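K.L.:
Now for the letters of each chain:
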Amino acid sequence: MAERRAEAILLVALLLLGCSGHLVPVTEAVWLTIPSSGTKCVSEEIQSNVVVLADYYIVDEEHAHLHTATISSRVTSPYGNNLHHNENVTHGQFAFTTSEAGNYLACFWIGGKHQEAAGLTIGLDWKIGIAAKDWESVAKREKIQGMELELLKLEGAVQAIHDNLIYLKNREAEMREVSEKTNARVARFSLMSLGACIVVSVLQLWHLRRFFERKKLI
Amino acid sequence: MGTRPGYANLLLLIGLVLTSSLAPVSSLSVTVNDVECVYEYVLYEGDTVSGNFVVVDHDIFWSSDHPGIDLTVTSPAGNVVQTLKGTSGDKFEFKAPRSGMYKFCFHNPYSTPETVSFYIHAGHIPNEHDLAKDEHLDPINVKIAELREALESVTAEQKYLKARDSRHRHTNESTRKRVIYYTVAEYLLLACVSTLQVVYIRQLFSKSVGYNRV
Numbered sequence: 001m002a003e004r005r006a007e008a009i010l011l012v013a014l015l016l017l018g019c020s021g022h023l024v025p026v027t028e029a030v031w032l033t034i035p036s037s038g039t040k041c042v043s044e045e046i047q048s049n050v051v052v053l054a055d056y057y058i059v060d061e062e063h064a065h066l067h068t069a070t071i072s073s074r075v076t077s078p079y080g081n082n083l084h085h086n087e088n089v090t091h092g093q094f095a096f097t098t099s100e101a102g103n104y105l106a107c108f109w110i111g112g113k114h115q116e117a118a119g120l121t122i123g124l125d126w127k128i129g130i131a132a133k134d135w136e137s138v139a140k141r142e143k144i145q146g147m148e149l150e151l152l153k154l155e156g157a158v159q160a161i162h163d164n165l166i167y168l169k170n171r172e173a174e175m176r177e178v179s180e181k182t183n184a185r186v187a188r189f190s191l192m193s194l195g196a197c198i199v200v201s202v203l204q205l206w207h208l209r210r211f212f213e214r215k216k217l218i
Numbered sequence: 001m002g003t004r005p006g007y008a009n010l011l012l013l014i015g016l017v018l019t020s021s022l023a024p025v026s027s028l029s030v031t032v033n034d035v036e037c038v039y040e041y042v043l044y045e046g047d048t049v050s051g052n053f054v055v056v057d058h059d060i061f062w063s064s065d066h067p068g069i070d071l072t073v074t075s076p077a078g079n080v081v082q083t084l085k086g087t088s089g090d091k092f093e094f095k096a097p098r099s100g101m102y103k104f105c106f107h108n109p110y111s112t113p114e115t116v117s118f119y120i121h122a123g124h125i126p127n128e129h130d131l132a133k134d135e136h137l138d139p140i141n142v143k144i145a146e147l148r149e150a151l152e153s154v155t156a157e158q159k160y161l162k163a164r165d166s167r168h169r170h171t172n173e174s175t176r177k178r179v180i181y182y183t184v185a186e187y188l189l190l191a192c193v194s195t196l197q198v199v200y201i202r203q204l205f206s207k208s209v210g211y212n213r214v
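In order, the protein sequences belong to chains E and D. Per the UniProt record's numbering, the first sequence starts with residue 1, numbered consecutively. Per the UniProt record's numbering, the second sequence starts with residue 1, numbered consecutively.
There's no promise every hint is true.
Said to hold, decoys possible - Listed next, the in silico DSSO-like pairs over lysine-lysine satisfying Cα-Cα at most 27 Å (straight line):
{"no.": "1", "chain 1": "D", "residue 1": "85", "chain 2": "D", "residue 2": "95"}
{"no.": "2", "chain 1": "E", "residue 1": "169", "chain 2": "E", "residue 2": "181"}
{"no.": "3", "chain 1": "D", "residue 1": "133", "chain 2": "D", "residue 2": "162"}
{"no.": "4", "chain 1": "D", "residue 1": "95", "chain 2": "E", "residue 2": "127"}
{"no.": "5", "chain 1": "D", "residue 1": "85", "chain 2": "D", "residue 2": "143"}
{"no.": "6", "chain 1": "D", "residue 1": "162", "chain 2": "E", "residue 2": "127"}
{"no.": "7", "chain 1": "E", "residue 1": "169", "chain 2": "E", "residue 2": "143"}
{"no.": "8", "chain 1": "D", "residue 1": "91", "chain 2": "E", "residue 2": "169"}
{"no.": "9", "chain 1": "E", "residue 1": "133", "chain 2": "D", "residue 2": "133"}
{"no.": "10", "chain 1": "E", "residue 1": "140", "chain 2": "D", "residue 2": "143"}
{"no.": "11", "chain 1": "E", "residue 1": "143", "chain 2": "D", "residue 2": "143"}
{"no.": "12", "chain 1": "D", "residue 1": "177", "chain 2": "E", "residue 2": "133"}
{"no.": "13", "chain 1": "D", "residue 1": "162", "chain 2": "E", "residue 2": "181"}
{"no.": "14", "chain 1": "D", "residue 1": "177", "chain 2": "D", "residue 2": "162"}
{"no.": "15", "chain 1": "D", "residue 1": "143", "chain 2": "E", "residue 2": "127"}
{"no.": "16", "chain 1": "D", "residue 1": "91", "chain 2": "D", "residue 2": "143"}
{"no.": "17", "chain 1": "E", "residue 1": "169", "chain 2": "D", "residue 2": "133"}
{"no.": "18", "chain 1": "D", "residue 1": "91", "chain 2": "E", "residue 2": "127"}
{"no.": "19", "chain 1": "D", "residue 1": "133", "chain 2": "D", "residue 2": "143"}
{"no.": "20", "chain 1": "D", "residue 1": "91", "chain 2": "D", "residue 2": "133"}
{"no.": "21", "chain 1": "E", "residue 1": "169", "chain 2": "D", "residue 2": "177"}
{"no.": "22", "chain 1": "E", "residue 1": "133", "chain 2": "E", "residue 2": "169"}
{"no.": "23", "chain 1": "E", "residue 1": "181", "chain 2": "D", "residue 2": "177"}
{"no.": "24", "chain 1": "D", "residue 1": "95", "chain 2": "D", "residue 2": "143"}
{"no.": "25", "chain 1": "E", "residue 1": "133", "chain 2": "E", "residue 2": "143"}
{"no.": "26", "chain 1": "D", "residue 1": "91", "chain 2": "D", "residue 2": "162"}
{"no.": "27", "chain 1": "D", "residue 1": "177", "chain 2": "E", "residue 2": "127"}
{"no.": "28", "chain 1": "E", "residue 1": "127", "chain 2": "E", "residue 2": "181"}
What the hints assert, rightly or not - Covered stretches of chain E (in silico footprint by chain D; criterion: 3 or more residues with CB under 8 Å from a CB of chain D, positions within the stretch not fixed):
{"no.": "29", "region": "78-88"}
{"no.": "30", "region": "152-158"}
Unchecked claim - The calculated label-pair distances, taken between Cβ atoms and stated as ranges, are:
{"no.": "31", "chain 1": "E", "residue 1": "144", "chain 2": "D", "residue 2": "134", "range": "19 to 27 Å"}
{"no.": "32", "chain 1": "E", "residue 1": "195", "chain 2": "D", "residue 2": "195", "range": "17 to 25 Å"}
{"no.": "33", "chain 1": "D", "residue 1": "199", "chain 2": "E", "residue 2": "173", "range": "30 to 38 Å"}
{"no.": "34", "chain 1": "E", "residue 1": "84", "chain 2": "D", "residue 2": "138", "range": "20 to 28 Å"}
{"no.": "35", "chain 1": "E", "residue 1": "204", "chain 2": "D", "residue 2": "67", "range": "40 to 48 Å"}
{"no.": "36", "chain 1": "E", "residue 1": "49", "chain 2": "D", "residue 2": "195", "range": "53 to 61 Å"}
The hints are simulated quantities; they were obtained by calculation from the structure and are not laboratory data. Please read these numbers as outputs of a predicted model, since none were measured by experiment. For each residue, glycine too, the CB sits at the ideal point set by N, CA and C.
Take these sequences, add in the hints, and give me the full structure.
P.N.:
As structure tokens, this is what we get:
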């Protein structure tokens, strides 16, 4: 009985530990500094049909509970659509599936009237694709745990690597086409410009000769 | 899986939470005007911190290309762990001398803002010390962690290749545009200059020169 209670307490503690990004430094997050005026933007080029999951929070370093600083954020798609907009919060999250391939931009700025003289540090936890997969729900659904779940995660990573490789291969093929076309164009245009030079000088000579003959100078 | 005592399950869960929190960060791009610093927390001393960065080419039409940016990695104690100077993209790897917040600063020596795509990963493999401390951590967890880190390095390499491919694509586009526009400009200039030459010579000879005047 006491064992079960201890288990329950430990589980709750774990959940709290996992959820509170403020208490435990989250290793997958990157910290950025927002200037006191202006915005800080991060972007990533993402293919279409990819899950993006992000979480951002203010990192309080020394004066933990004194600041009332808030941040605002905006996420835009490559075609300019506003995917997420939040004003004056201390932490927030957004999740979306990309519908078009391109550059996705997430911008942060200090919101509210509280102006930090030195700027603010925020933590951004940005995950796309396989890293954004919810393994807990998969584990619950398939009723697997421990070693099997770890191996399943590794299998997912291998599949993602394979997909990425195919994507890179296709990109390289496209670029090779463009390169070869440019190469052919350079050769063609250089020969054309040489031909144009010769034609123009012949025209010049012919015109001047006619002109001088008309003027009876030759 | 046979029946395990409740505590073992919980400890395994703890282990999983801790090790699974070392998921890879996605490769973000940031615009560097002068200095941009990014921070990354390293949990354990002795972790291998690896990463790469690539400067994505900007459309500089008329002048020559940007010479590159510098990267400086500072440990939480304040000393510089690694420096890379004047490069348009490189990989780096070092063993973290202590745990804490590491600072990765990109410095752009010129006034043209550049976009840098970077990726940083701090990987931990449990060693014998961790195994001795926690008796429920099997040696197989070490092997799984090593496997995970190896796959992670493949993924990091792919992200680097993807960023370099993107930069190459920009360079190709820039070359294609330069070829077309410079050729058109060249033809126009040629036509202009030759017409001007003819007009000038005509004008020279249409005035009274006194060549064949009687």
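K.L.:
If a hint holds in the structure, say so; if it doesn't, say that too.
P.N.:
Evaluation of the provided hints:
1. For the suggested pair residue 85 (chain D) and residue 95 (chain D), the alpha carbons sit about 20 Å apart, so the restraint of at most 27 Å is met.
2. Using a Cα cut-off of 27 Å, the hinted pair residue 169 (chain E) and residue 181 (chain E) holds, with the two alpha carbons roughly 19 Å apart.
3. Between the alpha carbons of residue 133 (chain D) and residue 162 (chain D) the distance comes to roughly 41 Å, so the proposed pair goes past 27 Å and is violated.
4. Taking the CA atoms of residue 95 (chain D) and residue 127 (chain E), the gap is near 25 Å; set against the 27 Å cutoff, the hint holds.
5. Of the pairs offered as hints, the one joining residue 85 (chain D) and residue 143 (chain D) is violated, with about 36 Å between alpha carbons and a cut-off of 27 Å exceeded.
6. For the hint linking residue 162 (chain D) to residue 127 (chain E), the alpha-carbon distance of about 17 Å falls within 27 Å, and the restraint holds.
7. Using a Cα cut-off of 27 Å, the hinted pair residue 169 (chain E) and residue 143 (chain E) is violated, with the two alpha carbons roughly 37 Å apart.
8. As the CA atoms of residue 91 (chain D) and residue 169 (chain E) are separated by approximately 21 Å, the hinted pair is consistent with the 27 Å bound.
9. The hinted pair formed by residue 133 (chain E) and residue 133 (chain D) fails the criterion: a straight-line CA distance of about 31 Å is larger than 27 Å.
10. With a C-alpha separation of about 25 Å, the suggested pair residue 140 (chain E) and residue 143 (chain D) falls inside the 27 Å cut-off, and the hint holds.
11. For the hint linking residue 143 (chain E) to residue 143 (chain D), the alpha-carbon distance of about 23 Å falls within 27 Å, and the restraint holds.
12. Between residue 177 (chain D) and residue 133 (chain E), the direct Cα distance comes to roughly 41 Å. Violation of the 27 Å bound is thereby established for this hinted pair.
13. Between residue 162 (chain D) and residue 181 (chain E) the CA atoms are separated by roughly 22 Å; this keeps the pair inside 27 Å, and the hint holds.
14. Only pairs whose Cα atoms come within 27 Å are accepted, and residue 177 (chain D) paired with residue 162 (chain D) is accepted, the gap being roughly 23 Å.
15. With a C-alpha separation of about 25 Å, the suggested pairing of residue 143 (chain D) with residue 127 (chain E) holds against the 27 Å cut-off.
16. Note on residue 91 (chain D) and residue 143 (chain D): the hinted pairing holds, with a Cα-Cα distance of about 25 Å set against a maximum of 27 Å.
17. Under the criterion of a C-alpha separation no larger than 27 Å, the hint pairing residue 169 (chain E) with residue 133 (chain D) is inconsistent with the structure, at around 46 Å.
18. Simply put, residue 91 (chain D) and residue 127 (chain E) have alpha-carbon atoms about 21 Å apart, close enough for the 27 Å limit, and the pair holds.
19. A hinted pair counts as satisfied when its Cα atoms are at most 27 Å apart, and residue 133 (chain D) with residue 143 (chain D) qualifies at roughly 17 Å.
20. Using a Cα cut-off of 27 Å, the hinted pair residue 91 (chain D) and residue 133 (chain D) is violated, with the two alpha carbons roughly 34 Å apart.
21. Restraint check: the Cα-Cα separation between residue 169 (chain E) and residue 177 (chain D) comes to about 24 Å, which is no more than 27 Å; the hinted pair holds.
22. For the given pair, residue 133 (chain E) sits about 25 Å from residue 169 (chain E) by alpha-carbon distance, which is consistent with the 27 Å threshold.
23. At most 27 Å may separate the alpha-carbon atoms for a hinted pair to count; residue 181 (chain E) and residue 177 (chain D) meet this at roughly 12 Å.
24. For the suggested pair residue 95 (chain D) and residue 143 (chain D), the alpha carbons sit about 20 Å apart, so the restraint of at most 27 Å is met.
25. Only pairs whose Cα atoms come within 27 Å are accepted, and residue 133 (chain E) paired with residue 143 (chain E) is accepted, the gap being roughly 17 Å.
26. Restraint check for residue 91 (chain D) and residue 162 (chain D): satisfied, since their Cα atoms lie roughly 13 Å apart, inside the 27 Å limit.
27. The suggested pairing of residue 177 (chain D) with residue 127 (chain E) is violated, with an alpha-carbon distance near 35 Å, which exceeds 27 Å.
28. The suggested pairing of residue 127 (chain E) with residue 181 (chain E) is violated, with an alpha-carbon distance near 37 Å, which exceeds 27 Å.
29. With 0 residues having a Cβ less than 8 Å from any Cβ of chain D, the region 78-88 of chain E misses the three-residue criterion, and the hint is violated.
30. Counting residues of the region 152-158 of chain E whose C-beta lies closer than 8 Å to any C-beta of chain D gives 4; at least three are required, and the coverage claim holds.
31. Checked against the given bound of 19 to 27 Å, the beta carbons of residue 144 (chain E) and residue 134 (chain D), roughly 22 Å apart, stay inside it.
32. Taken as a hint, the range 17 to 25 Å holds for the pair residue 195 (chain E) and residue 195 (chain D), whose Cβ atoms sit roughly 18 Å apart.
33. Taking 30 to 38 Å as the suggested C-beta distance range, the pair residue 199 (chain D) and residue 173 (chain E) does not conform, at roughly 51 Å.
34. Range check, residue 84 (chain E) to residue 138 (chain D): about 42 Å between beta-carbon atoms, so the 20 to 28 Å window is missed.
35. Our hint of 40 to 48 Å for residue 204 (chain E) and residue 67 (chain D) holds, since their Cβ atoms are close to 43 Å apart.
36. The given range of 53 to 61 Å is respected by residue 49 (chain E) and residue 195 (chain D), whose C-beta atoms sit roughly 56 Å from each other.
Hint violations for this structure: numbers 3, 5, 7, 9, 12, 17, 20, 27, 28, 29, 33, 34, all remaining hints satisfied.
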